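Visitor: From just these sequences and the hints, can you work out the full model?
The primary structure of each chain is shown beneath.
Protein chains: 2
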Amino acid sequence: MQLTEERLDATFTALADPTRRAIIARLAKGDATVNELAAPLEMTLPGVSKHLKVLERSGLISRSRRAQFRPCHLERAELDEAVEWIEEHRRLWDERFDKLDAHLRDIQDGRTGKGDA
Amino acid sequence: MQLTEERLDATFTALADPTRRAIIARLAKGDATVNELAAPLEMTLPGVSKHLKVLERSGLISRSRRAQFRPCHLERAELDEAVEWIEEHRRLWDERFDKLDAHLRDIQDGRTGKGDA
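The listed protein sequences correspond, in order, to chains A and B.
The first sequence begins at 8 in the numbering used here and counts up one residue at a time.
The second sequence begins at 8 in the numbering used here and counts up one residue at a time.
Some clues are possibly wrong.
In this list, chains with the same sequence are indistinguishable; a pair is considered to hold if it fits within one copy or across any two.
Said to hold, decoys possible - Simulated crosslink set (SDA-like; lysine to any residue; CA at most 20 Å straight-line):
no., residue 1, residue 2
1, Lys-60, Asp-101
2, Lys-60, Asp-16
3, Lys-36, Leu-59
4, Lys-36, Glu-102
5, Lys-106, Thr-20
6, Lys-60, Ala-23
7, Lys-57, Asp-16
8, Lys-106, Glu-49
9, Lys-60, Thr-20
10, Lys-36, His-58
11, Lys-57, Ala-23
12, Lys-57, Ser-69
13, Lys-106, Arg-33
14, Lys-36, Leu-99
15, Lys-106, Glu-82
16, Lys-57, Thr-20
Derived from the structure by calculation, the hints contain no laboratory data.
The structure displayed is predicted, hence computed values, not measured ones.
Guide: Shown next, in the form of structure tokens:
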């Protein structure tokens, strides 16, 4: 459980920066090298590398150890985990409002004598 | 566009902390006062208030200005925006792999003479 919390901390921290989101958006279209990622970002290579390290630590991306240009690769599983956490709480929220809706309908049915029946 | 980026920064930053996620999880089940939120967290009220301020700034929660106990309320729209961002890039990622699948099938069909037909 603790581990999941730490992973969610790292994933959401990684997502909380526009440059890192731009990198993820680029990698969603295909693997890329640091040079390819840096080109549209108007940022120095060390600057991009710093962001890549945050993304790597979060598990959102991985980098090939052996290839000469070490292309970056988006790891779908970590995005899944972040979405699942949010979805779970949206679902609870929705259920609460569905119940409220049903309750209000009951009250209204009571008032109108169940739709004039 | 800039505004959206800033809102996503704030939303993901707010989500990147286990106490704040616990508060969101609690509020998904219903509005609550600061005292109610603090009770299960083993945290001082000022500590909880600090987290609530981060959540309020992100727009993930709102607080009634007039009620005596200022109950906290989860704002669904901000969660939606965070999920939509992630979903968009998961979709791009999936499309890429669907294309790769189709390409591999084409190659295989070419090899086997389109399934022995």
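Visitor: So, against the hints stated earlier in the document, which numbers end up violated here?
Guide: Hints 1, 5, 8 not satisfied by this model.
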